[in-house]
Amino acid sequence: MHVPDGFIDAPTSAVTGLVAAGALAVSLRGARRELDERTAPLAGLVAAFIFAVQMLNFPVAAGTSGHLLGGALAAILVGPCTGVLCVSVVLLMQGILFADGGLTALGVNITDMALVTTVVAYVVFRGLVKVLPRGRRSVTAAAFVAALLSVPAAAVAFTLLYAVGGTTDVAIGKVATAMIGVHVLIGLGEAAITALTVGAVIAVRPDLVYGARGLRQRLKLRVNGELVDAPASAPVPVAARTSRRALWITGLAASVVLAGFVSFYASADPDGLEKVAHDHGIDAKAEEHAAAGSPLADYGVRDVSDARLSGGLAGVIGVGATVAAGSGVFWAVRRRRTGAPSEAR
Amino acid sequence: MGAGHAHRLYRHAHSPVHALPPHTKLAAVLAFVVVVVSTPRTAMWAFGLYAVLLACVAHQARVPASFVLRRLLIEVPFVAFAVLLPFVAQGERVDVLGLSLSVNGLWGAWNVLAKGTLGVAASVLLAATTELRELLLGLQRLRLPPLLVQIASFMIRYGDVITDEMRRMRIARESRGFEARGVRHWGVLAKSAGALFIRSYERGERVHLAMVSRGYDGSMPVIDEVTASRAQWTRALALPSSALVVCLLGWVL
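Chains L and H supply the protein sequences, listed in that same order.
Here the numbering used here is used: position 213 in the first sequence is 213, and no number is missing along the way.
In the numbering used here, each residue's number is its place in the second sequence (first place is 1) plus 1000.
No lab work stands behind these hints: they were computed from the structure.
Incorrect hints may appear among the rest.
What the hints assert, rightly or not - Here are some chain H residues pointing at chain L (derived, C-beta under 7 angstroms):
hint, residue
1, Pro1021
2, Val1034
3, Thr1042
4, Val1088
5, Val1094
6, Ser1100
7, Val1103
8, Leu1106
9, Lys1115
10, Gly1119
11, Ala1127
12, Phe1154
13, Arg1176
14, Gly1187
15, Val1188
16, Ala1193
Stated by the list, open to error - Reference listing, derived: stretches of chain H covered by chain L, where coverage requires no fewer than 3 residues with Cβ under 8 angstroms from a Cβ of chain L:
hint, segment
17, 1056-1065
18, 1072-1081
19, 1157-1167
20, 1178-1186
21, 1230-1242
Unchecked claim - For each label pair, taking beta carbons as the anchor points, the in silico distance ranges come out as:
hint, chain 1, residue 1, chain 2, residue 2, range
22, H, Phe1178, L, Ala203, 15 to 23 angstroms
23, H, Leu1142, L, Val15, 18 to 26 angstroms
24, L, Gln54, H, Val1103, 33 to 41 angstroms
25, L, Lys220, H, Arg1184, 21 to 29 angstroms
26, H, Val1088, L, Ala14, 42 to 50 angstroms
27, L, Arg134, H, Arg1093, 56 to 64 angstroms
28, L, Ala203, H, Arg1184, 14 to 22 angstroms
29, H, Ser1015, L, Asn57, 53 to 61 angstroms
30, L, Gln54, H, Arg1062, 47 to 55 angstroms
31, H, Arg1176, L, Gly181, 36 to 44 angstroms
32, H, Gly1187, L, Met55, 14 to 22 angstroms
33, L, Arg134, H, Arg1176, 16 to 24 angstroms
34, L, Gly225, H, Val1161, 32 to 40 angstroms
35, L, Pro11, H, Ala1019, 33 to 41 angstroms
For every residue, glycine included, the Cβ atom is placed at its ideal position computed from N, Cα and C.
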C-alpha cells in the first residue's frame, strides 16, 4: 500500500505532509513520556523489529502468502506514540533507501499507514480492554478486533485522501469498494497474526505489553498470616492528566472542523455502496429508511437549501451527537469501574 | 555482516556524485521529485527530458543502467494498478485495439507511471551513491528532529541483526522439521514473532544500559559535522534546477 509519487496531487501531499509532521512532533513528546530517556535505543530496536517482521511470510493457501503491516501490533506492544514513531521511521527509511513509496508521498504514507492504523488500533484496543473482563484472553480478543479494524480504517483514510487529491477521476465508490473490500481480507489476516503474537508475548513477558498495563496482579505479602498488598516499590509516573482537557477540546475542535469543512468540499456523489446499488438497480425496490423523514436524513440539514452548507452542518451535528453518546458510554463505564472496587471492600 | 556495513542498495565507487555531501544530495532529490510531480501530465516530452537528466546523473555516478532498471522492479505492484486505471476510470472513452478505454484513465495511468518511475529512479540513485551513515548525517543536517534521526540510526544499525535473528529462528524451526504450509501453522510463526519482539526489546534495554555506562545522556554527540561548499551545492542543485526549467517550459508550452 506504499503510495508512489504522482498518485496524489501536490496540494494534498503538502497538507498530509504537515499532518504527518504534526503527528511526529506529538508522538516524539509522547514517546519520551512512554519510554523516557530510553526512547532512542528502544524505539529504534522496535522499528527494526517491525521492519523485520514485515518480512516474515505467513502462508495462506496454494502458494500465496501475506505479511504483517505492524501498525496495530506496535501500538499494542509499545504504546501509540512510540508505535506511530516506529512505523513512520520504517516508512521513511523504506522511502529513502528502498525507493518503496514516493518521497513526495511520504506525508500521505505516514498519515495513512502510521497514524490512522496505529491510533485506530490503540483506541479500539483500550476501549475493549476497559469493557471486557480482566484477563489474558480478553487482551488477545481486543488485539484481534483492534487489528481487524485498523487495516480497513487505513483503506478508508486512503480513499478519503484519494477523493480529495486523486490525480485520476475514478469513481470514488469504485475505489472505496475495491480498497475496503481487499483490506477487510488483509485485516482478517493481520488480526489473526497480531492477536497470536500479542498472546505469545503476554504469556512470557506480560510487563512488555504496553496496552495491557494495569492488568497485572498486585504483589501480595503474607504478614502474620494475612495477605496484604505490597507497598508500591517506585512511584508510578502519572501520565500528564492536566493536558486531558486540552486534548479533548483539540480533538473536538478538529472533528468539528473536519466534519464541517471537509464535508463541505466532499463530493455530492453517493457513497460506494449506494453507487454500486444504483448501478446495478439493486436499490430500485429499496424502501425509504425509517429515519428518512428525520431532520438529518441523507446527511443534510432540512430546510437548508445549499447542499454543501447543509452537508457541513449535518457533519457538525453528527460529530456532536457522536461525541455526546461516546462520552456518555465512557462516563457510565468509568463510573461502574470506579464504583466496583469500593463495594468489594 | 561479512559484507561490511553498507546496505545492499549502495554501490561503492569514487565519482563526483558519491563525493557530494549527503544533505545536498537529499535536498536535490527531494526538490527534483517535487518538480516532477508538479509537471502537467500532458507535457509528455518533459518526462523524457527528466529521464535524460537522471541518465546523465547515473552516468556521472558510474551506476550502470542495468542496476537502476533492476531496482525499478519495486514498483511493479503499482504498474499493475496503473494498467487497471484506463478500464475503470470515468469520462469519454476511446477504442484501442477493440478495447474501450477511458481517455482520462489513460492519462491517469501515464501520470502515475511516469512520475512514479522517475521518483523511484531518483531514490535509487540517491541510495546507490550514499552510504547509510552519510544519509543519517544528511538527515540530521537537514534539521530532522535529532531523536528521530537517532531512532532511524538504531533501526538501520540493528535492522540486520534482528533480520539475522529471525533467519536463525527460521533455520531452527526448519531443522526441527517444521514447514509452514497454511493458516494452521500461523500459531507457530506468531510465537516466533512474539519471541523476536521480546528479544529485540531486551536487546534495546541492554544497548541502552551499555550506552548509559559510556556516558549517554539522551543526545548523541556529533563528531563529524558535514558541511558543503557553495560549489558543491551548485553541483547538487544542478539537477533540480534544470528540471525546474523543463517544468516551467512544460507549463508555458
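These are the hints, each one checked on the structure:
Contact between Pro1021 (chain H) and chain L, as hinted, is not supported at the beta carbon level, the nearest pair being about 16 angstroms apart and thus beyond 7 angstroms. The closest approach between the C-beta of Val1034 (chain H) and any C-beta of chain L is roughly 6 angstroms, which is under the 7 angstroms cut-off, so the hint is satisfied. A cut of 7 angstroms between beta carbons decides the hint on Thr1042 (chain H): the least distance to chain L is about 12 angstroms, and the hint is violated. Annotation: interface hint on Val1088 (chain H) holds; nearest CB of chain L at approximately 5 angstroms, less than 7 angstroms.
With its C-beta approaching chain L no nearer than about 15 angstroms, Val1094 (chain H) sits outside the 7 angstroms limit, and its interface hint is violated. Hint status for Ser1100 (chain H) relative to chain L: violated, with the closest Cβ pair at about 16 angstroms, above 7 angstroms. At its closest, the beta carbon of Val1103 (chain H) sits 11 angstroms from a beta carbon of chain L; the interface hint therefore is violated under the 7 angstroms criterion. For Leu1106 (chain H), the shortest C-beta to C-beta distance to chain L is roughly 9 angstroms, which exceeds 7 angstroms, and the interface hint is violated.
With its C-beta approaching chain L no nearer than about 3 angstroms, Lys1115 (chain H) sits inside the 7 angstroms limit, and its interface hint holds. At about 3 angstroms, the closest approach between the beta carbon of Gly1119 (chain H) and any beta carbon in chain L falls short of 7 angstroms, and the interface hint on this residue holds. Hint on Ala1127 (chain H) holds. Least Cβ distance to chain L is approximately 5 angstroms, under the 7 angstroms limit. The criterion of a C-beta within 7 angstroms of any C-beta in chain L is met by Phe1154 (chain H), whose closest approach is roughly 2 angstroms, and the hint holds.
Nearest Cβ of chain L to the Cβ of Arg1176 (chain H): about 17 angstroms, over the 7 angstroms cut. The hint is violated. At a threshold of 7 angstroms, the smallest CB-CB gap from Gly1187 (chain H) to chain L is about 6 angstroms, leaving the interface hint in force. With 7 angstroms as the threshold, the beta carbon of Val1188 (chain H) stays out of range of chain L, its nearest partner Cβ sitting at about 9 angstroms, so the hint is violated. The closest approach between the C-beta of Ala1193 (chain H) and any C-beta of chain L is roughly 5 angstroms, which is under the 7 angstroms cut-off, so the hint is satisfied.
Taking a C-beta to C-beta cut-off of 8 angstroms, the segment 1056-1065 of chain H contributes 0 residues in contact with chain L, too few for the three needed, and the coverage statement is violated. With a threshold of 8 angstroms between beta carbons, the proposed coverage of the segment 1072-1081 of chain H by chain L holds, since 3 of its residues qualify and at least three are required. Closer than 8 angstroms: that is the beta-carbon criterion, and the segment 1157-1167 of chain H has 8 residues meeting it against chain L, so the requirement of 3 holds. Against chain L, the segment 1178-1186 of chain H contributes 6 residues with a C-beta closer than 8 angstroms to a partner C-beta. That satisfies the three-residue criterion, and the hint holds.
Coverage of the segment 1230-1242 of chain H by chain L is violated. Counting CB-CB distances below 8 angstroms, 0 residues qualify, and the rule asks for three or more. Separation of Phe1178 (chain H) from Ala203 (chain L) is about 19 angstroms and conforms to the stated range, judged on CB atoms against 15 to 23 angstroms. For the hinted restraint 18 to 26 angstroms between Leu1142 (chain H) and Val15 (chain L), the CB-CB distance of approximately 21 angstroms keeps it satisfied. Distance hint check: the CB atoms of Gln54 (chain L) and Val1103 (chain H) are about 38 angstroms apart, consistent with the given range 33 to 41 angstroms.
At about 40 angstroms, the CB distance of Lys220 (chain L) to Arg1184 (chain H) disagrees with the hint of 21 to 29 angstroms. Judged by the Cβ atoms, the range 42 to 50 angstroms given for Val1088 (chain H) and Ala14 (chain L) is violated: they are separated by roughly 27 angstroms. Here the CB-CB span from Arg134 (chain L) to Arg1093 (chain H) is close to 60 angstroms, well matched to the stated 56 to 64 angstroms. Between Ala203 (chain L) and Arg1184 (chain H) the C-beta distance comes to about 20 angstroms, which sits within the given range of 14 to 22 angstroms.
Between Ser1015 (chain H) and Asn57 (chain L) the CB atoms are about 37 angstroms apart, so this pair departs from the stated range of 53 to 61 angstroms. Roughly 32 angstroms separates the CB atoms of Gln54 (chain L) and Arg1062 (chain H), a value that falls outside the hinted 47 to 55 angstroms. At roughly 39 angstroms, the beta carbons of Arg1176 (chain H) and Gly181 (chain L) sit within the given window of 36 to 44 angstroms. About 19 angstroms separates the C-beta atoms of Gly1187 (chain H) and Met55 (chain L), a value consistent with the hinted range of 14 to 22 angstroms.
For Arg134 (chain L) paired with Arg1176 (chain H), a C-beta distance near 36 angstroms fails the hint of 16 to 24 angstroms. Checked against the hint of 32 to 40 angstroms, the pair Gly225 (chain L) and Val1161 (chain H) fails, with Cβ atoms roughly 51 angstroms apart. Between Pro11 (chain L) and Ala1019 (chain H) the CB atoms are about 37 angstroms apart, so this pair conforms to the stated range of 33 to 41 angstroms.
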